[in-house]
Amino acid sequence: MKNFKLTAAIAVSMVLFFVSCDRNSERAKAPDTSIAELSRKIENNAEADNAVADTTATVTPQEEQKTEKPSPPKKIDVPEPKIDWDKKIIKTATLRLELKDYKAYNDKVRTVVKQFGGYIANEEQTQNDYQIENAVTIKVPVDQFENAMNTLPVNDSKVMERKITSEDVTTEYVDVKSRLASQKQVLAKYLEFLKQAKNMEETLQVQNEINDIQENIESAAGRAEYLSHAAAFSTINLTYYQLTNGAISPDNTSSFFYKFKDALKTGLNGIDDFVLMIAVLWPLLLLAITGFFLYRKLRKKTIRTA
1 MKNFKLTAAI AVSMVLFFVS CDRNSERAKA PDTSIAELSR KIENNAEADN
51 AVADTTATVT PQEEQKTEKP SPPKKIDVPE PKIDWDKKII KTATLRLELK
101 DYKAYNDKVR TVVKQFGGYI ANEEQTQNDY QIENAVTIKV PVDQFENAMN
151 TLPVNDSKVM ERKITSEDVT TEYVDVKSRL ASQKQVLAKY LEFLKQAKNM
201 EETLQVQNEI NDIQENIESA AGRAEYLSHA AAFSTINLTY YQLTNGAISP
251 DNTSSFFYKF KDALKTGLNG IDDFVLMIAV LWPLLLLAIT GFFLYRKLRK
301 KTIRTA
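Following my numbering, the numbering of the sequence shown begins with 1 at its first residue and continues without gaps.
A few of these clues could be false.
Label-pair restraints from in silico Cβ distances [unchecked claim]:
1) Glu218 to Thr266: 54 to 60 angstroms
2) Phe274 to Asp156: 41 to 47 angstroms
3) Asp129 to Ala181: 57 to 63 angstroms
4) Ser219 to Phe274: 53 to 59 angstroms
5) Val280 to Tyr119: 45 to 51 angstroms
6) Asp129 to Phe274: 19 to 25 angstroms
7) Val275 to Ile164: 45 to 51 angstroms
8) Val280 to Asn211: 57 to 63 angstroms
9) Ser178 to Ile89: 16 to 22 angstroms
10) Gln131 to Phe274: 27 to 33 angstroms
11) Asp101 to Thr266: 30 to 36 angstroms
12) Asp107 to Asn208: 55 to 61 angstroms
13) Ser178 to Glu201: 31 to 37 angstroms
14) Pro153 to Ala221: 35 to 41 angstroms
Derived from the structure by calculation, the hints contain no laboratory data. Because the structure is a prediction, the values reported are computed rather than measured. From the three backbone atoms N, C-alpha and C, an ideal C-beta is built for every residue, glycine too.
Start from the sequences and build out the full structure, keeping to the hints where you can.
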């Protein structure tokens, strides 16, 4: 009985000893497991950080520009188109007016020409039994052309004709100026040749060439000056008239009454012309009649003698 109790006590003690050893081993393994897991996490985090760093390091400048916030577009200043004031355009206008007060308008024309800085280049006044008329050629600065054309007609005037034409001579002007400059350069070279001439024959030959070049230069310079002046001053061919003694305006010449009256007048004028023709030719008619009677008289005598 005592041996059984001793054996049971030893067995229990051994069981307790193994149990405590197992617990201690589990406790010892637990920290090891936790440390291993923590190490793996640290390594994983380090690898992730290295990957991020590598990715950041391999970003190209183009990708950095893409990731940057785009800056607002700069405003581009577009220059305004420049007006070419060097164009050479010759403007010519034709204006014909029928007036009620010729004298007052005649004074107005002078005032308008002076107002816009122009001048009268030509003037021709005519008068007959039916109307008084004046044809004026006016020159005005090209920048005042439109103003002058709008000012010349008056309220009591009737515009019978209005026409405006424009001729662009810019190309011709540039060509003439270019040829003029070229001729001047050639002239300078020939003047140098003239200084180097060795005898009279060479001198005369070079001088003839110089004379031809100078003629070309004078011709080109004159043409360039004409084109420049013609483009700087526009031309207005103004004709204005007033009907007198109850004359009929050309607008009313298409009516039947006017045509009938004109036909009667034409017939009377024909009679007048016939009478005047007889008055002019009466000496010839007198000679013809005298010759006719003499011929008959001589013929009768000849018949009687026979």
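Note to self: To test your reading of the hints: which numbers does this structure violate?
What the structure shows: none
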